[in-house]
Every structure is written in structure tokens, then in C-alpha cells.
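J.: For reference, the chains in residue letters:
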Amino acid sequence: MLSDIRQYGFELVRARFAASSTGWEEQFDGDYQLNPDLRDVIIANATKDAAVLIGLVERAGDAHVLLTKRTEALSSHSGQVAFPGGKIDESDASPEAAALREAWEEIGLDINEVEVLGRLPDYHSGSGFKIYPVLGLVSPDADFKINQDEVEYMFEVPLGFLMDPGNHVTASKFFRGAHRHYYEMPFEDHYIWGVTAGMIRVLYDRVFNDEAA
Amino acid sequence: MAELEESPVAKGLSGLESLISRAGGKGKGLPLVHKWNPDFCGDLDMVIKADGTWFYMGTPISRHALVKLFSSVLRKDEDGKTYLVTPVEKVGITVEDAHFIIVEMNAHEEDGEQIITFRTNMGDVFEAGPENPIRFVTVDGNEGVKPYVCVRDRLEGVLARPVMYELIAHGEEMDVDGVLMFAIRSNGMTFPIMPVEELARRTAE
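Note that the protein sequences, when read in sequence, are chains A and B. By my numbering, the letter at position 188 of the first sequence is numbered 966, and the numbering carries on one by one without gaps. By my numbering, the letter at position 154 of the second sequence is numbered 356, and the numbering carries on one by one without gaps.
Isolated chain A (complex conformation) (with noise of 0.2 Å):
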């Protein structure tokens, strides 16, 4: 089933993305895509600063998606799966200072090792989060040191399956007094959902979705 995901070199992502990426500056996203009636609420409780690395690493030609398990342990998303990220400190120099220092901080991932694209437009999650995400693209012989306080493992998901808008599968269930939508994305024993999922579709309405071309 995998043979018959899309190959995406690196060459192409750089491509596509420079051909997206403009006016960004002025606009966002979030999981009110899917939850309209929520859109107000959701960006007005939306406060607490975010970055997120969404990291490609190309094997065999073709793009990787790094993504981790968070540990149960933390506060926030505990046991989800997510891009490398956190709350933005006062220290940060910028969103893409923030996302590489979690992805140093969560993963090991040397900052010479990954060369940013540029950032998605701000996301906004149900959690309270205004989430700043990343796209850099990461030399395949970066070396990885899981920090097991906060990550359980970390795996790769070949962008082309992500890119497939058959494998977003839309989900609800009430919680937090509210009935709320998500994108499922499961891939393999993973199972990518959420505000990590949202921005993944972000990812693909904005940059790799051919009609919107």
C-alpha cells in the first residue's frame, strides 16, 4: 500500500513551498476548521505562545516527516504524538529560535542540521495554544538522542502518506463541554490526531493540495 504513496523529494517540497508561501504574515489556521461554531472562542482562549518544528528528512529521495510520542508525563498533550515543540520562552529570539531549541532540547536535533524553509501561518489550537509552526528541511545524517523525560520514541511518516487527503479521516467526540471535531491520521501502530493532525492539514490545504494550486 505504502508503493502507492506520492515521492517527495526535497527538490519538490522546496518548489511547492515557495510557491505558497505568500501573504502568510496575515493569516492562520486552527482547529476551528472543523469547528466553526468554536472559531471565536477558540482564538480569543488561544494565548499561550507555541513553536513547532515540522522537520522533513529525505531517505531514499524521498521526504520523511519526524514526529515523536510525548511521554504521559507532561503537562500538555501528554502521550500524543507531535511534531518536536513547546511553549515559546522570553529567551527565544524568534518562533524558529524556539522550535529548534525543543527539537535540540526533545530529540537532539542540531540546529546545523536543519535548514528552515519558513513557517506555516499561526495555528490556533482548542488547547489554548497560538502555535507557530516550522517547516525545515533536516540532513539526512543528523544524528537523534531522545530525551526520555519527554519524548517516549520518535518515527518517521513518509510525507507523500500525509499528503494523501484519503488518509485524513475526520473524528468527533464531546470533550471539554463541547461536541469537537479533529483529522485522524493513523499511520502504522500511530496514531496521529489533533491539533498535530490539524497542522499537518494545514500542510496540505496550503502548500501540497493540487487543486488549491
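Hint data in this document are derived by calculation from the structure and do not stem from the laboratory. Backbone N, C-alpha and C define an ideal beta-carbon position, used for all residues, glycine too. Among the clues, some could well be false.
[What the hints assert, rightly or not] Straight-line Cα separation of at most 27 Å, BS3-like style, residue types lysine-lysine; simulated pairs:
#1 Lys951/A / Lys283/B
#2 Lys847/A / Lys951/A
#3 Lys951/A / Lys278/B
[Unchecked claim] Derived Cβ-Cβ restraints for the label pairs, each shown as a range:
#4 Arg837/A / Ala402/B: 52 to 60 Å
#5 Asp927/A / Pro332/B: 20 to 28 Å
#6 Gly282/B / Ala796/A: 45 to 53 Å
#7 Glu934/A / Ala402/B: 52 to 60 Å
#8 Leu232/B / Val894/A: 46 to 54 Å
#9 Tyr367/B / His946/A: 41 to 49 Å
#10 Glu280/B / Ser869/A: 39 to 47 Å
#11 Arg224/B / Phe953/A: 26 to 34 Å
#12 Glu400/B / Arg837/A: 47 to 55 Å
#13 Asn987/A / His266/B: 56 to 64 Å
[To be verified] Facing chain A, from chain B, some residues (calculated, C-beta under 8 Å):
#14 Glu333
#15 Cys352
#16 Arg356
#17 Val378
#18 Met383
#19 Ala385
Assemble the complex: chain A is given as a structure, and chain B must be docked to it using the hints.
T.: Below, chain B without anything else, positioned relative to chain A:
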């Protein structure tokens, strides 16, 4: 009372009452209705009216203690329907507007943070916040705006008019995505009501 013998709750209200009383257990908390999964036993001719009164077979239930007991086993399911649930029975009832009426509120501050506390007509007291969000529904006609608050699970309370005006008195204006919105803060959460302009128009009507 032949019709009662055919109804899902064969012994009528008193049968349901004693069953719930036994199921409620000895503890002080509410019955664990979300853990019970009995078969659906049909609909009961019971209605929670828009003003919060409960009717059984067209007649108001006058005993408040009985209504309170029933309200403790309310459950709204994914199908959008409301049930009375016991370990062995699940009967559908009709809700005209909301499960509860919010009859009183209080606003106080803790560490500079406003906390809104609500009380329902059944005596439940809770704070608005992440798990108990307030939502605002705009209605045409002279009702303007109606605030609802999550009491527990999918159960909601609608604010009585005087409580709504008191709540609005504790609101503030804030910018949401470039629009000046009127909003209520409680327990660290912000609940936007509607654009300031629109609220002024609706509450004036």
C-alpha cells in the same frame, strides 16, 4: 392505570423513584450515569419545559425532591436525545430548551482572575471554565441573546433573564481577530459573546 403497566417504567413514577434512590448509592456524589449501559426501554411522557418545570403525562410534578432525583440521572447521549438512566433502565424524555435553569450567579476574584459561579434550579453549584464553557445563542425576536452553560457532560443550563443581565454586567470588551467582541472571563477562559455593536443592538431591543 393500565397505561402505566404498559409504559417502560412499569410501576410509574414511584417505581422509578425507588429504583433511582437505590441506585444512587450511599455516597454524596451524583449517580454514575455515564457508566451504566442498560437497554433502551422506550420513551416516557416526561417533559422538561422551557421554564424548567417537569411534566409527567401532561401534569407538572410538584414534588421538588422528586424532580431533583430525576435530574440526577439525566444523560444526553451522542444521538442528541436526553434519557433518564438507571443501572437497568434507560427511558427517553423530552427537553424543550435546556436541562436546567441557571437561577443564580456570583462573580469573585482569585489571584486577579474572575471566577463565575452558577447555581441551577436543582441546586447544582459549579464554576464556569474550561470544563464548563458558556456559549451564546442569538435568537430572533425580542429575546436577543441566550447564554447556555455546560453543567456536566452534555447537560446544559440556560440562564434565567435576570442572571443573563447580571452576567453581562461582568463582561468586558476585547479584540478577537480584529473584531471588538463582548466577552466573559472565568477561570482563565474567555467566552466571547458577540460583537459589541450587535450586543448593544440586541439587548436594547
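J.: Work down the list of hints and note, for each, if the structure agrees.
T.: Hints, one by one, checked against the model:
Simply put, lysine 951/A and lysine 283/B have alpha-carbon atoms about 16 Å apart, close enough for the 27 Å limit, and the pair holds. The suggested pairing of lysine 847/A with lysine 951/A holds, with an alpha-carbon distance near 22 Å, which does not exceed 27 Å. Of the pairs offered as hints, the one joining lysine 951/A and lysine 278/B holds, with about 13 Å between alpha carbons and a cut-off of 27 Å not exceeded. Between arginine 837/A and alanine 402/B the Cβ separation comes to about 59 Å, which falls inside the hinted range of 52 to 60 Å.
The hint said 20 to 28 Å for the Cβ distance between aspartate 927/A and proline 332/B, and at roughly 26 Å that hint holds. The beta-carbon spacing between glycine 282/B and alanine 796/A, approximately 47 Å, falls within the hinted interval of 45 to 53 Å. In this structure the hint that glutamate 934/A and alanine 402/B lie 52 to 60 Å apart at CB holds, the actual value being about 54 Å. In this structure the supplied range 46 to 54 Å holds for leucine 232/B paired with valine 894/A, their Cβ-Cβ distance being about 52 Å.
At about 45 Å, the beta-carbon gap between tyrosine 367/B and histidine 946/A stays in the expected band of 41 to 49 Å. Remark: the range hint 39 to 47 Å for glutamate 280/B to serine 869/A is upheld by a beta-carbon distance near 46 Å. Checked against the hint of 26 to 34 Å, the pair arginine 224/B and phenylalanine 953/A passes, with Cβ atoms roughly 31 Å apart. For the hinted restraint 47 to 55 Å between glutamate 400/B and arginine 837/A, the CB-CB distance of approximately 53 Å keeps it satisfied.
For the pair asparagine 987/A and histidine 266/B, the supplied restraint of 56 to 64 Å holds, since their beta-carbon distance comes to about 58 Å. Hint status for glutamate 333/B relative to chain A: holds, with the closest Cβ pair at about 6 Å, below 8 Å. Annotation: interface hint on cysteine 352/B holds; nearest CB of chain A at approximately 4 Å, less than 8 Å. With its C-beta approaching chain A no nearer than about 6 Å, arginine 356/B sits inside the 8 Å limit, and its interface hint holds.
Look at valine 378/B: its Cβ gets to within about 5 Å of chain A, closer than 8 Å, so that hint holds up. Hint status for methionine 383/B relative to chain A: holds, with the closest Cβ pair at about 7 Å, below 8 Å. For alanine 385/B, the interface hint holds, the least distance from its beta-carbon to any beta-carbon of chain A being 6 Å, beneath 8 Å.
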